[in-house]
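Enquirer: Chains as they are written, first to last, in the numbering used here: chain A, 1 to 778; chain B, 1001 to 1094; chain C, 2001 to 2094; chain D, 3001 to 3263.
Misleading hints may appear alongside valid ones.
[Said to hold, decoys possible] Dumping the calculated DSBU-like pairs for lysine-lysine here, alpha-carbon to alpha-carbon at most 30 Å:
#1 C:2020 - D:3138
#2 C:2020 - B:1041
#3 B:1041 - C:2041
#4 A:283 - A:359
#5 D:3138 - C:2011
#6 C:2011 - B:1041
#7 A:259 - B:1041
#8 A:83 - A:71
#9 D:3138 - B:1041
#10 C:2041 - D:3138
#11 C:2041 - A:259
#12 C:2011 - C:2041
If you are wondering where the hints come from, they were derived from the structure by calculation, not from laboratory data.
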Amino acid sequence: MTDQTSRQATATFNIDTVEHAAQTPDTELPWAELGLKQNEFEEIVRILGRRPTAAELAMYSVMWSEHCSYKSSKVHLRQFGEKVTEEMKKDLMVGIGENAGVTDLGDGWAVTFKIESHNSPSYVEPFQGAATGIGGIVRDIISMGARPVAVMDPLRFGAIDHPDTARVMHGAVAGIGSYGNSLGLPNIGGEMVFDPIYQGNPLVNALAVGVLRHEDLRLANASGVGNKVVLFGARTGGDGIGGASVLASESFDDAKPSKRPAVQVGDPFAEKVLIECCLELFKDSLVEGIQDLGAAGISCATSELASNGEGGMNVELTSVLLRDPTLTPGEILMSESQERMMAVVTPGNVEAFEAVMAKWDVEYSWLGEVTDDNRLTITWNGEVIVDVDPRTVAHDGPVYDRPYHRPSYQDALVADTFRSAVDAGRVPALPGTGDELRAAVLELMSSPNLADVSWVTRQYDHFVQGNTAMAAPDDAGVVRVDEETGMGVAVSTDCNSRYTYLDPYAGAQLALAESYRNVATAGAVPKAVSDCLNFGSPEDPEVMWQFAEAIRGLADACQQMGVPVTGGNVSLYNQTGSTPIHPTPVVATLGQFDDVSRRTPSGFHRDADGQAVYLMGVTRDELDGSEFARLRDHLGGVPPQVDLATEKLLGELLINASRDGMIDAAHDLSEGGLAAALSEMVLRFGVGARVSLDEVMQRDGVDAFTALFSESQSRAIVAVPRTEEVRFKDMTTARGFPVARIGVVDAASGALEVQDQFVLPIEELRERWAATLPEYFG
Amino acid sequence: MPTIVVDVMPKPEILDPQGKAIAGALPRLGFTGFAAVRQGKRFELTVDGEVTDEVLAHAREAAEQLLSNPVIEDVVNVEVLPDAAGHPAEGPTA
Amino acid sequence: MPTIVVDVMPKPEILDPQGKAIAGALPRLGFTGFAAVRQGKRFELTVDGEVTDEVLAHAREAAEQLLSNPVIEDVVNVEVLPDAAGHPAEGPTA
Amino acid sequence: MSTDLPLIGDFSTAGPVLTGARVGVVTFPGTLDDRDAARAVRLAGGEPVALWHAETDGGAALSSLDAVIIPGGFSYGDYLRAGAISRFAPLMDAIIAAAGGRDGSGSGLPVLGICNGFQILTEAHLLPGSMIKNDHLKFICRDQALRVENNATAWTRDFGTGEEITVPLKNQDGQYVADEHTLDELEGEGRVVFRYVGWNPNGSRRDIAGISNAAGNVVGLMPHPEHAVEAGFGPDSDHGMRMGTDGLGVFTSVLASIAGETK
Ligand SMILES: Nc1ncnc2c1ncn2[C@@H]1O[C@H](COP(=O)(O)OP(=O)(O)O)[C@@H](O)[C@H]1O
Ligand SMILES: [Mg+2]
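Just chain A, same shape as in the assembly (with noise of 0.2 Å):
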């Protein structure tokens, strides 16, 4: 293939050069219709001491939205880079700012992870929508100059009976499926919910974790004066510019615009490719610096690359491979188009990187230069339609402080305990008798949000790259990252959006502690963070509030547990009509091994045959948002206390446990309590226990239902041979932490047996368990 620098394109346009715009300041210009603010056209006008050209007026629209600014988020968002101890940035070699954070892992290695929403797309257009969300943050990793090698959904969806959410299920598992598998990315672990507040506004979140040795390290800046500007991938059209063309300044002499593309068509294959070159321009050390395209495109890249550098960039936009020849400058400039990848590269290095471009048959072409006047400079055809200092592009954009107030409904709501529920008889009468709480399990099981997920997950490939050491339906995905030594990492995702609806500041705190709980259950020792904030509209109090108390619920937990977030995404105006989303902050825990068959399987193996199981913390009456309030339909009250020393503490036993072999199974208690995980760990393996809740019940003064189905945090059950019992009781002892022994693992039962109670055969249990998606989804 060839450098094609010369433009297809015949069609010419009305161009709008900086200097036709000093000279014509009264210009009407569709800044409303861009999206931006009359005091933010202001500005523009004010910083370049002109009326911006068209092309200027779309890459400041585009850059300056809610999406690539942060502007309503920006003033919380700093607790993040704030709250933050000289210990937490110990490891952490890239932080907030960068495309994906990254963080050390010792002898060379370095690992990178990041969340982002594609909420509105995968609504749209589900198959297409959750596929090109897959390939964006794919493309955030690569460009961190790492090998992306998992993927992770977490997904939410409207009520499983709802006559739309079976379209959207099906499309959005279908196209990460689609992408992810293409790119042989190992799917290791998300999230599946299905809650009606979620029926006009599914939460399609992905994340991708890449791997890098700290030489290939790469970020997002121009530097070096005479390099040159890359654009490599697919070819630019007309995606996420919307129906019509904004511009209208930007007439056309000859053609009538084609239409522009509803939604997005991800091309994994393209990616793929994508993916590999750039390995191998890392490898050779080619790009000086590299940037992914995203939400803004070519306005997105050049100003961000041009801004983090030391000069400034000059760029010929009539370069740009077109998919369609009837774009406009600005809308090259808008275009969303997938699978593309900007870089900055010496002159020395042209001829390598042009050849590793066409040993995978990449098309690229070269735009232009970096420069020493700090200035982002695009030309089209010679003439000059962008002039701009890209920090007022890329950095400098609108910051509000928006109003904020406690709802009004959250007095009411926080009284609407559980609890009181029953008692005014708003709740039918809870089960009592053994045959009562064997039949709740079985509901609790079969419940969209506790059943079997294998619907979703058989669809995606969990061994590509033969490093998954663990994946769905256990607590956390791990990945071996050094063949070596094994060393590896973990990540969880999680948030109950129900605790997050009482009470915003503790439920994200509860997010943060179940993806820590979940990663040390797994026996990883958890490292960083990165979020997916997801949120109704900012400008309404009620909701700006929830976003207010969430972060710094979050922030503040994360100095308390010790792990920075390293980067993160934010969903705003999640809603149908004024109705919110319930804040849902997706919080993701990545933790590491020295090596990864330390690993602590979920569930009770044969092997563990006669083990003596025990339930570590303490068992409160906390129904209030569970699992079992929301069978019956109940949604009020506070959300489980949080107490983070004690996680702490809990995640430090459960990884020496596992680091010292004293457990073969552990498994986390999070939505629907001990029921829920006591029956997910005899699935697991078909391996059945006996337990006798009484040591609890007396101990902790609960009744058996409660024992059952409260949802306390800081806790879960382990497996623990014989042989470890005392090294494991001395252990938990000497750290003041409670545990019970609640049991045995007995293999020969085939059963999951309360004491006194009730005795589930594992196979009637896995058979509501599995019925339930297959039954809504074919």
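Starting from the structure of chain A, add chains B, C and D with the ligands where the hints point.
Expert: Only chains B, C and D with the ligands this time, still in chain A's reference frame:
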């Protein structure tokens, strides 16, 4: 039994990765002279009985609602297949 | 630019899982009267220049060699698309 | 380093080469399991050698090799048909020739096609039949039980005939189809090498999971033995979570075949 053909193509403005890959492969196999390729779908519906206007209208509706995704595809053709060209389905399918 | 259409269908004796799924879905959506459905592929090749006999022969060859797999598929149609019906690809592809 | 396949957690970091056998692993654009296949070769005691699809002097590249694996993935995105575009790669002609040609009678270089590799071999008509979409139309990834129906091929001699093994399966277009005559012929000649046991995951005719050419040097199979070669990273097994290593036998088999020949 008569057959109705429904042709569905990706909308022109939408990226067609499959067509792109084929277009890339053709010259490597020595087939030059093709500037672009788009890949769509062709459905053959076997009609149980006569093709009345109503049946054809039904097929058109099915084409819009089920056989194509209006967000990314266009139904470009719905027609009755001339008898001889019939390429019958394997048999009745429930 | 002129367009050549190539239509490829699964061989009658080969099971067509996609067609079968569609045939199953049609009555559920109220579309009755279709005994069977088969799903094939439609390719639109944009010709760079005039459609000479040679170009058409080339397209036929490409249809047999690349666009279809003779073990499971038949090329049922290769024809030049009448100008008006053109559903052109968006732009050049290398 | 014996190969220049990329990067990070490189499979090619020195391992004991026990046999001196060199096994080529082909990479097409969109190939995914090349590093896994190479790792499997290394764990079996052989030396993996990277082969690039665009290799123009394929004959020369193959002449120093003892066997070739065409690994799984989505070469060219599986666009058009799985394997359809890849089979025209320059290297494929050389592989077909080295394998003994399309009639498969003359013995030649052992060639294994896994998943997408199997699809490429059928598209190239080195193996009969073809693959169409799974009957349930979805991608499926699961631990799959298989029966080794014939241990007389280059890739199965370390198994017993009738032995049941479990290896991962993952595909979208895994339904093996061929006309009845071909199927009867395959059965009659013992060329059905692997069969699905318990559940047919994709609707394949006669539960066929893998077949061979007449000489038994060319084998294609849909499931992934290269993902069941290392305890801790394979399918679940009686030995624990992800402890299954049943796939290793495929790779030790070919090394044994090679050793047998050179003796
Ligand atoms: N909720 C969040 N928590 C922490 N960091 C965030 C959050 N949202 C965004 N960020 C960080 O802000 C920066 C810009 O985000 P974004 O625009 O999504 O990056 P990109 O342009 O690479 O997609 C990134 O470093 C990202 O990690
Ligand atoms: Mg980015």
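Enquirer: Confirm or reject each hint.
Expert: Comparing the hints with the structure gives:
no.	hint	verdict
1	C:2020 - D:3138	14 Å, holds
2	C:2020 - B:1041	15 Å, holds
3	B:1041 - C:2041	4 Å, holds
4	A:283 - A:359	15 Å, holds
5	D:3138 - C:2011	22 Å, holds
6	C:2011 - B:1041	15 Å, holds
7	A:259 - B:1041	22 Å, holds
8	A:83 - A:71	20 Å, holds
9	D:3138 - B:1041	18 Å, holds
10	C:2041 - D:3138	19 Å, holds
11	C:2041 - A:259	25 Å, holds
12	C:2011 - C:2041	12 Å, holds
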